[in-house]
Structure formats: structure tokens, C-alpha cells
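Chemist: Here is what each chain is made of, one letter per residue.
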Amino acid sequence: MMDFPQKLIPLLLTFLVTVPVATTARSAESIPFPSQEWSFNGPFGTFDRGELQRGFQVYKEVCATCHSLNFISFRNLTDLGFNENEVKAIAADFQVEDGPNNEGEMFERAAIPSDMWPAPYPNDNAARASNNGALPPDLSLMVDARAGGADYLYALLSGYHETPQGKEIGEGMYYNAYYPGNQIAMPSPLVDDGVEYGDGTRATLVQQARDVTAFLAWATEPNMEQRKRMGVMVIIFLLVMTVLFYYSKKKIWSDVH
Amino acid sequence: MSGPKLTNPVVRWIDHRLPVFTFLHHEMHEYPTPKNLNYWWNFGSLAGITLVIMIVTGIILSMHYTAHVDHAFQSVERIMRDVNYGWLIRYIHANGASFFFIVVYIHIFRGLYYGSYKAPRELLWMLGVVILLLMMATAFMGYVLPWGQMSFWGATVITNLFSAIPLVGESIVTLLWGGFSVDNPTLNRFFSLHYLLPFVIVGVVVLHIIALHRFGSNNPLGIDVRGEQDTISFHPYYTVKDMFGLSVFLTIMAAVVFFLPNSMGHPDNYIPANPMVTPAHIVPEWYFLPFYAILRAVPDKLLGVLAMFAAIAVLFVLPWLDRSPVRSASFRPIYKIMFWVFLLDCVALTYLGAMPAEGIYVVLSRLCTVYYFFHFIVLLPALSIIETPRSLPRSIGKPVLGGGNGIPAPAPAAAREKP
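Sequence order for the protein chains is A and B.
For the first sequence, counting from 1, position 136 maps to 136 in the numbering used here; every step adds exactly one.
For the second sequence, counting from 1, position 210 maps to 210 in the numbering used here; every step adds exactly one.
Just the calculated beta-carbon pair ranges, DEER-fashion: (1) A:236 to B:275: 45 to 53 Å; (2) B:22 to A:250: 29 to 37 Å; (3) B:74 to A:236: 31 to 39 Å; (4) B:52 to A:244: 20 to 28 Å; (5) A:100 to B:313: 55 to 63 Å; (6) A:37 to B:358: 32 to 40 Å; (7) A:96 to B:204: 46 to 54 Å; (8) A:100 to B:312: 54 to 62 Å; (9) B:301 to A:181: 27 to 35 Å; (10) A:236 to B:52: 19 to 27 Å; (11) A:226 to B:157: 34 to 42 Å; (12) A:79 to B:185: 36 to 44 Å; (13) A:132 to B:275: 17 to 25 Å.
Simulated from the structure, these hints should not be mistaken for laboratory data.
If you're wondering where the values come from, they're calculated on a predicted model, not measured in any experiment.
Just so you know, even glycine gets a beta-carbon here, dropped at the ideal spot from N, CA and C.
This is chain A alone, in the form it adopts within the complex:
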């Protein structure tokens, strides 16, 4: 009779972990969006290098016009499968401000791998002034910073539909099926064949949306693959440890009556 509550331990533990998860995930009121298959889903998920490189191209040629990527430096791009020379070449296409030099002057030079990705605007006010008063957010943490993560971003980027009848859209705003409130200040950034992929993949709008979402998932957490790989090893170690302690406990307690 005494072990009645004890049987509930696993149940309660699961419960206590799921309740916080469920309650925090629910808090944002967003429009339901379909979930997608991503190569980086699940405990063994990894990034698809081809997808990341295509996504990087979309970011560089489309998003980077308005959106900064402040936490990514050029050297990080080796994660996408570029070699060091390729990264140097990518960086060299950008001019960054450095200095002051020995004369006390700031000067422009070609970027090197250790430089951060240059922001499109010098400050938030300049960004707003160029975008009808709206501030294009930094994209470094987008996947973690939005409820729904990658699924939501993909839905958003591919969710520019015709404005339904009877829906009022404000001046300079655009209809989006998944943006909270359905009115977004960003016009549809992607169009079919808006970029030309080097690997022969057809650059449809949804393909670009997929690729750039995967790229942003990487930018949000460049260490994700290391985290999951390590996690598998740690869990295996802990399971073995659990079994060993279980039998040690059984043996040591065998003389208690």
C-alpha cells in the first residue's frame, strides 16, 4: 500500500517537464502553420550543406539588403562547407570601416574572415527611414526568437497570398497568411527565379524560402550539430551509469530486510 505514490514518480516527472513546455509554447497567439520536414529536426538532425549554401545565397542577394546578421562573422561561413579561400573571397567583396590609423583617420578596407557580417544600415533610425518607418529585425537569432521557429519562418516567407475579400490592409502594409494580425510591413521578399542557384536547383519561391530558413536555423545556432552529437554520447553514458547504479543499489540493499 505504501508504494502507491511511488509508482507515480515517472508519471509526475514527465508531467512536470511537459507542463512548463506546453504552457510556454502556448503563450504566443499565432496563426497555426504547417510543420515541415527539416534535415536538422530530431536528436540526430544535421544541416544539409547544399541547402545552407543556397540559403546563404538567398540571404546575401535578397535579405541582406535590409536585414543585418550581427552575430555572424565571415569565418563562420566555413560551417556551410566553404573552404578558407572561398570565405576570404566572399569577405573581400565587402568594404568595412577600420581604424583609426596612425594619422587618427578611419579608413575603408576589404573585409577579412574575422570581420562580422556588415550591417546594411548604420543605425536603427537609418533602417526605419529607408523602410517606411518599419525596422527590419536582425536575423541572427530568428529561429529561436519566433514561436514556431523554422516552420513559422518558412510559412511566413511563403505565406504572401492575395488579400482575402473584406480584409483591410493599411497603407504600406502587405497581407501575409501567417504573420500575427496578417499585416506585415515587409513586401514579399522572394519571387520565383529571384536568384540563380549554382548547383542547378530550380529557384522557386518555396525552394528559396526553404533554403533561407535552413540558413537562418544555422545562423541561430551554429553549434547545433555539435550539441546533438555530444548529446547522444552523453545520454548513452548516463544510461550505462544508471544501469550500473541500479544493480549496485540492488546488491547493496540485498541485506536490508
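With the hints as your guide, set chain B onto chain A.
Modeler: Positioned in the frame of chain A, the structure of chain B alone reads:
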């Protein structure tokens, strides 16, 4: 009470002058512990270990963190991206806070079920409530440090609660903020206190353990230990049992840290703090939700704040509200049901705290809040009068030896003898 057999002459020399080895032997090795403790008793040591994990990871994080409104968010992202294994340390620390509360809440409900707060363990229980309060303050201030949107707005909402205090409220808020809004001075003092309070917790934990070792652990039967036949030495029996429990716990925690590290956080906290933009819903961390629900259930701000604090304060006087001489719910048929109803009420409050304060949620929050206090203030004192406890076993050793059946039932009054 025999001392340890020290064979090493150096150890013996030290122990003669500074009896640390005798102390450890006495308190951790031979320390007599009821032999019938179930797995719910693992959560005390788990809480202690989680505290150590939090302090160690926290100290490492503070080596890389910058407590300044212009740099805090960036410094956290640098930890995540550029510090070696910084992501691991931070994910352990952030999720460790949630696991600390999970463990401590289970520990508290175990105490409620088995009546561990009753004489002679009232101070032990009250020190535990102090630890809970300190944990809440520490966790709240820790959540502010990354300086994301929820950090900033959570800090704004919670510190503003103090403005409800008559006369001095506004001054207290100014003092907490170090200015006239949540800003750099606020972040600095929160960082300082977030670093300080865990060590205060360690101090109270030491007192908690001293009080525990005075009479030893309560046990699932809730009856007093009668002699050596009822106990076993802490080591190796409970050390190995605690290690097994720890392994299970670490496995679950690792699964979350490595595979769902952001599941208990809020996405908005990955957006840098912006005093000009209020998030759609300001939600505290999940472990504050029951208290947040109580706060919002009361229409008046001051009364709401009072109710929220009273929800914890009532735990301090619990040993004197529950007058039943029987500790364990196993022998209290009505209390046993009421315990589960109360647990359900707390889960419901957690859920309601996360919901918007409108419509049916408000009504339910009020009902659950009323029931929360009804349980402590009306039900428990009443139960100790109207409830007839089942007969208690004569000793811990007996039911185990005798197979648990056929023990003559002593009158309930027999349980009334006091230490």
C-alpha cells in the same frame, strides 16, 4: 556514536585537532536513516546537487558575461557562439533553473504528503520555505541578465508590484531600479544579487541539513524511529540509492539540455530588450505561474500582491494549521484525497498563469486561488478535528519483518505521544 577507525596517521593527526573526518563519518556515513524511505526521498539530495551544478555553471558564465545594457545580450550570444562549450554551460544553467524548481517542488509536495513539516521538524520545514523564497528571487534576477525582451518586461512588471505598497511603494521601486525605470543600474544590482543569493541559499541549506540531522528524516509511515532495528546507515545504502536517482535525473536533464534546450524558455527572450516595444503577452517563467495566476486573480493590485506573498507565507505556518497528530497521508484517508486535489489545484493555477487574463480563465483563476487558501486555512485545521486516522503500525522495522500484514491496530491516540 562511535568514531571512525582512522588508520592513516596524517588523517588521525588532523582529525585530533580538527575533527572533520569524525564529523563526516558521523553525519554522512553512520548517520542512522529510516530504512523504509521510498524514492520520493531522493529529491532532497537531488536539490542539493542541482544547487551545486547551478553555482558551478553560473560562476563560469559570469567570467564571460557583461552586466551592461549595451553589452549583456551580445555577451550572452558570444558565450553561445564563441566561448568553448559556452552553449553547453549556458543551456545547463538555463534549464538547470527549471529542473531545480521541478526537483524542489516535488520535494515540497513529498513533505506535504508525508507530513514532514510536523513536530519536531517545523524549523526544518520553515528553513525550506526560506530556501524556496531565495530561489525565486535568484531565478527572477537571473532571468533578467540576458537582457532580452522577457528579461526587461518581466523585470518591469515584477518590480512594479512593489509600488502597490502604501506610502513607501514608489520609493521601494525606485530603490530596486536604481533610477526611474528598469535600466543599467537595475541590471547591475540584479547581477550582483544573482551572484550573492546562491551562496545565501548554501548557508540556509546548511541550516536545513543541521535541522534535518537533529531528528533524522521523516519516513513514509510518518512514525518515529524506535531504535536501531528501524534504521540503516546513510552510507552505503542511501548514497548508492541517491546516486541511482541522480543518474536517472541527469539523463532526463541531459535529454532536455541537448535536444530541447529552449523548450522551457520564451522565444521573445532571444529579442534584445527594447523599452519602446511591449511584447504581446508578458509571461513569467513557468515556475512562477501559479503565483502569477494568484496575483492576477485578485482585482485589486495591492490585495493581489498580498495574496501572492500570502500563498508562500501560509507555508510558514503550515505546521500549526495542520493539527493532525498523524504525519503520513497513508493513514489519513480524507487528507490523502485532499492532497491530490490540492496538487491538481496547483497544476491548474500553473496552467491559468500562462493563459491570458480574460473570460473563463479569470473565473477559473479565482476559483483555484480561493481553493488554494481554503485548503490551508479551513480544510487542514478542520480535518485534524473531523478525520479519523487509520491505525498506525507499531514500528518501522515490524511491518517490513512481518510482511506488512496482521499487525494489531493500535488506537489512533497512540500516535499522539510527542517526542
